[in-house]
Every structure is written in structure tokens, then in C-alpha cells.
Amino acid sequence: MTTLAALEKGYEFPPASFDLSEEWVDAYVASVEDEAMAALDGGFVPPMAVAALAIRALLEHSSLPPGTLHAGQELAFAAPVRRGESLTAAARIASRGERAGWVLMAVELRVKRDGVAVMTGRATLSFPVAEGAAA
Amino acid sequence: MTQQRTSPAAGAALPTVTKTITQEKINAYARAGGDGNPLHTDPAFAANTQFGGTIAHGMLVLAYVSEMLTAAFGEDWLASGRLKVRFRAPARPGDTLTSSGKVTSVDGGKTLCEVECRNESGEVLVSGEAEVSR
Chain A
46 MTTLAALEKG
56 YEFPPASFDL
66 SEEWVDAYVA
76 SVEDEAMAAL
86 DGGFVPPMAV
96 AALAIRALLE
106 HSSLPPGTLH
116 AGQELAFAAP
126 VRRGESLTAA
136 ARIASRGERA
146 GWVLMAVELR
156 VKRDGVAVMT
166 GRATLSFPVA
176 EGAAA
Chain B
2 MTQQRTSPAA
12 GAALPTVTKT
22 ITQEKINAYA
32 RAGGDGNPLH
42 TDPAFAANTQ
52 FGGTIAHGML
62 VLAYVSEMLT
72 AAFGEDWLAS
82 GRLKVRFRAP
92 ARPGDTLTSS
102 GKVTSVDGGK
112 TLCEVECRNE
122 SGEVLVSGEA
132 EVSR
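Heads up: the protein sequence lines correspond to chains A and B, in order.
Quick note on this note's numbering: the first sequence kicks off at 46 and runs consecutively.
Quick note on this note's numbering: the second sequence kicks off at 2 and runs consecutively.
Watch out, some of these pointers could steer you wrong.
Below are the BS3-like pairs computed for lysine-lysine, each with C-alpha atoms no more than 27 angstroms apart in a straight line [what the hints assert, rightly or not]: (1) B:K103 - B:K85; (2) B:K85 - A:K54; (3) B:K85 - B:K26; (4) A:K157 - B:K111; (5) A:K157 - B:K85; (6) A:K157 - A:K54.
Cβ pair distances, simulated, as ranges [what the hints assert, rightly or not]: (7) A:E57 - B:K85: 22 to 32 angstroms; (8) B:S8 - A:E53: 42 to 52 angstroms; (9) B:S134 - A:R127: 16 to 26 angstroms; (10) A:G142 - B:E115: 20 to 30 angstroms; (11) B:R32 - A:S131: 14 to 24 angstroms.
It is worth saying that the hints were derived from the structure and are not from the lab.
Here a beta-carbon is modelled for each residue, glycine too, at the ideal position from N, C-alpha and C.
All chains should be modelled from the sequences, with the hints used to inform the complete structure.
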């Protein structure tokens, strides 16, 4: 499995499809103790769950270097997502640089349902340069 | 049935969300999110990092912020929410985190908010901005 440290700016992750199964959504909601979603009708999935599962799907083919830090996050939700739906995630490395011995990497994420974006995002990650050199 | 909510006015505080982080919760999130970074789940590995111990996933802490925004804006948050944050300090097992926010402006159907998450010592762990359209 490729580590993120080996990837350069412009790299496009292979698109990944995933299902928001009842079982997985329940496990996610339990892990984050989300009490607000229960007040909404419609079988909606917490928007952060969509982001988490999209990232999980993309990391099927490339792992995070040990000790990777999450420095920043941008997210935009375009439509509610419901339990049982199938989504597709795509991502690319938007930037990569080094500062004070750390790699700073921005990864842009786009999640679609039937070809229409339901969520976009940008994560800023950081890991030691040594991890990149070793990869 | 869609729940109808009243738009918070400028200056209004968002409903706070308070959670206590434990290693068990971090491990449960790692399993659900598929992020087995040892910085979060392996105390022996984490002890030798700059943090000296495990820390919670940023996306776990952000889920608490999102819960607050869901409580404040309901389905509008799911349909139109935008969030931009920086992770300023780690959340550790044993920390009690409080997410809070304030409406900074309401203009043309767009509500802008400042949001943050602090630990029990008042240290800001996450800060940023959220936007919701109605």
C-alpha cells in the first residue's frame, strides 16, 4: 500500500465507492455520541460521517504516514445524505510543501451521489519530512 | 416532516455541546472511520511523539462541532453548511471538550458563525467559521 508521503502534488486518488449502511452509520453515530441527528426526521446521516467514510474509502489504497497531524479542514455540504445511499469519493493532492522539517499537504475531496456533488472539502495534513523521505 | 427552526439572530450564542474524550471513544472512532493512525490508538507509539501520548482524531473533535451546528440549524446545516477550521491543539483522553459558537452576521439568507472547541482548561483546540444558507 502506498503511503501518502510518497505522493506528489496533482496526484489523483482512484475514485472509491461506498455505501452508508445502517450498521456503519449506527457505529459512527455511537462513536461520536451525536445526539442532534435524532431530532431530525428523514433518516439523515451526520455530514461529518460522509466525510469520514469518504476518507476511509480513499485510504483503502494509500495509508497515512504514522504520526500524521490534521492541521486544518474545510467542508461544504450541498445536500443531505440518507442512510442506505451509495456515494463516490474522489480526491487529489492540491498542494505539497515543506516547512521546518514537516511536509504540509492539502488534499481536496469531492463526494458525489449519482454524479452530483453532495460534499466537497479540503484537508491540510502535516507529517515529518523523514516520513516522506523514507517512502 | 422537516423540523422548522427559527434563525438565530446576529450575536446569538449557539447551543453548546460538551463531551468527555476517552481512549475507548478514540478507538471506537478509529474503527468506524478506518483511521488507525497509531498517534491515536497506540499509547506506546504516541508516547514517543511530541504529544507524549495519544490524541483524538481531528475529525472526531470536528464531529462535536458539527453536532452543535446541527442542533442550531437542523436540516439547513446538512443541506448548505460550510465549515473552515484550524486544529490548534490536541484533544487528549480525559479532556472534557465544549464546542461553542456565536452568530456573527445574518445577511441575505446566509448566517455566519464563529465556532470553537475548548478543553476544560479553556485552551482553544479548534477554531474557525461556519456558514449556513436558508
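Cross-check of the supplied hints:
no.	hint	verdict
1	B:K103 - B:K85	15 angstroms, holds
2	B:K85 - A:K54	22 angstroms, holds
3	B:K85 - B:K26	24 angstroms, holds
4	A:K157 - B:K111	24 angstroms, holds
5	A:K157 - B:K85	20 angstroms, holds
6	A:K157 - A:K54	23 angstroms, holds
7	A:E57 - B:K85: 22 to 32 angstroms	24 angstroms, holds
8	B:S8 - A:E53: 42 to 52 angstroms	45 angstroms, holds
9	B:S134 - A:R127: 16 to 26 angstroms	20 angstroms, holds
10	A:G142 - B:E115: 20 to 30 angstroms	28 angstroms, holds
11	B:R32 - A:S131: 14 to 24 angstroms	22 angstroms, holds
Consistency with the previously given hints is maintained throughout, with no hint failing.
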